[in-house]
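In order, the protein sequences belong to chains B and F.
Per the working numbering, the very first residue in the first sequence carries number 1; after that it's consecutive.
Per the working numbering, the very first residue in the second sequence carries number 1; after that it's consecutive.
To be clear, the hints were calculated from the coordinates, so they are not data collected in a lab.
Treat the hints with care, since some could be wrong.
Here are the computed lysine-lysine pairs in the DSSO-like style, where the Cα-Cα straight-line distance is at most 27 Å [said to hold, decoys possible]:
| id | chain 1 | residue 1 | chain 2 | residue 2 |
| --- | --- | --- | --- | --- |
| 1 | B | LYS189 | B | LYS85 |
| 2 | F | LYS62 | B | LYS85 |
| 3 | F | LYS53 | B | LYS85 |
| 4 | F | LYS63 | F | LYS91 |
| 5 | B | LYS87 | F | LYS51 |
| 6 | B | LYS54 | B | LYS187 |
| 7 | B | LYS85 | F | LYS91 |
| 8 | F | LYS62 | B | LYS87 |
| 9 | F | LYS91 | F | LYS51 |
| 10 | F | LYS63 | B | LYS87 |
| 11 | B | LYS85 | F | LYS63 |
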Amino acid sequence: MENEEKMMSGEESLRIITEMINRTKVNIRQGSFHLLFWGWLIFACSMSEYLLWKFSDFTHPYYVWFFVIPGVIVSMVYGFTTGRKAKVSTYGDMLYMWTWIGFLIAATVLFIVHSKSMQTVASYILLLAGFPTFVSGFIINFRPLIIGGITFWILAIIIHFAGPSVAPLGVPVAMLTGYLIPGYMLKYKVDHDKV
Amino acid sequence: MTRFKELDPILHSQLRLAIVSLLIGVDVAEFTYIREQTGATAGNLSIQITKLKEAGYIEVTKKFRNNYPQTLCKITSLGILRFSEYITDLKDYLNPGIPGK
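So here's chain B without its partners, still in its complex pose (with noise of 0.2 Å):
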């Protein structure tokens, strides 16, 4: 585009106007790390104390989700310096990250005024969880996303309706099925289509 005051046909606008637009899709580089991180985090945190109340006389094996602190201000880090790095930031970019931080600030306060009866609040949890990871498949137009999402909203309640032998189990299977496949099909589809 070196002749700037070229005269174009009709055709040739709507050529560069629909080419230039195609070209400002979601960056979803970051998406991969977070689903990664978060959720082999939470599938060690939830298995870890599934293991602890099961085979240990441990006291508190909830103890375990305070690694959930350390994992936001990583992922926190991660996403403030990989941002400050891009060279754009879409509009769909801005909404993925305010989805998944308004997640954040629900999910805290639902841990502040549930914080008595923790043993019922995973499916609150997935049920929460299950919106941003599904509104996030739409985001960035990757299907597994989307089917994750959903897999949440199931088993929160499986969770809700299981008994208290299969409930722990809830989380790390909706770990896999919603953070964990996903995550990794799209790292998959991040390295080999170089978007």
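Since the structure of chain B is provided, determine the placement of chain F on it from the hints.
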């Protein structure tokens, strides 16, 4: 080419149209990003960005990041309006006899 005289002359140029089409889909974009996406030279891009800025179609902010200058571009509400009008005019041209389609 006279049939295009009714189209906005600020937008009806390859590079300026490309810049505005890029900015319409983003919140903010760095100068280097626009240069990469359009394939234009820095000098030419700089001239066209200045023209768009003077017309009020885009805002240009200069900052420093890690001691390096950074030029950020963002489309204005006037730019969005003019781009929308340009698209309408273009549709009229491409579909003569069906105004606004």
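27 Å limit on alpha-carbon distance, applied to hinted pair B:LYS87 and F:LYS51: Holds, at roughly 22 Å.
Holds or violated: are the alpha carbons of F:LYS62 and B:LYS85 at most 27 Å from each other? Satisfied, since the Cα-Cα distance of roughly 16 Å is no more than 27 Å.
Are B:LYS189 and B:LYS85 close enough, with their CA atoms no more than 27 Å apart? Holds - the C-alpha atoms of B:LYS85 and B:LYS189 are around 22 Å apart, at most 27 Å.
Take a quick look at whether F:LYS53 and B:LYS85 sit within 27 Å of each other, Cα to Cα. holds, 25 Å
Satisfaction of hint between B:LYS87 and F:LYS63, Cα-Cα up to 27 Å: holds, 13 Å
Starting from B:LYS85, check that the Cα of F:LYS91 is at most 27 Å away, please. Answer violated: B:LYS85 to F:LYS91 is near 38 Å, above 27 Å.
Does the alpha-carbon distance linking F:LYS91 and F:LYS51 stay inside the 27 Å limit? Distance ~25 Å between F:LYS91 and F:LYS51 Cα, so the pair holds.
Holds or violated: are the alpha carbons of B:LYS85 and F:LYS63 at most 27 Å from each other? With a Cα-Cα distance of about 14 Å, the restraint between B:LYS85 and F:LYS63 holds, given a limit of 27 Å.
Taking only the CA atoms, is the gap from F:LYS63 to F:LYS91 under or equal to 27 Å? Since the Cα atoms of F:LYS63 and F:LYS91 sit roughly 38 Å apart, the hinted pair is violated (cutoff 27 Å).
For B:LYS54 and B:LYS187, compute the direct alpha-carbon distance and say whether it is at most 27 Å. violated, 34 Å
For the pair we were handed, F:LYS62 and B:LYS87, check the Cα-Cα distance against 27 Å. holds, 14 Å
The structure does not agree with the numbered hints 4, 6 and 7 stated previously, though it agrees with the rest.
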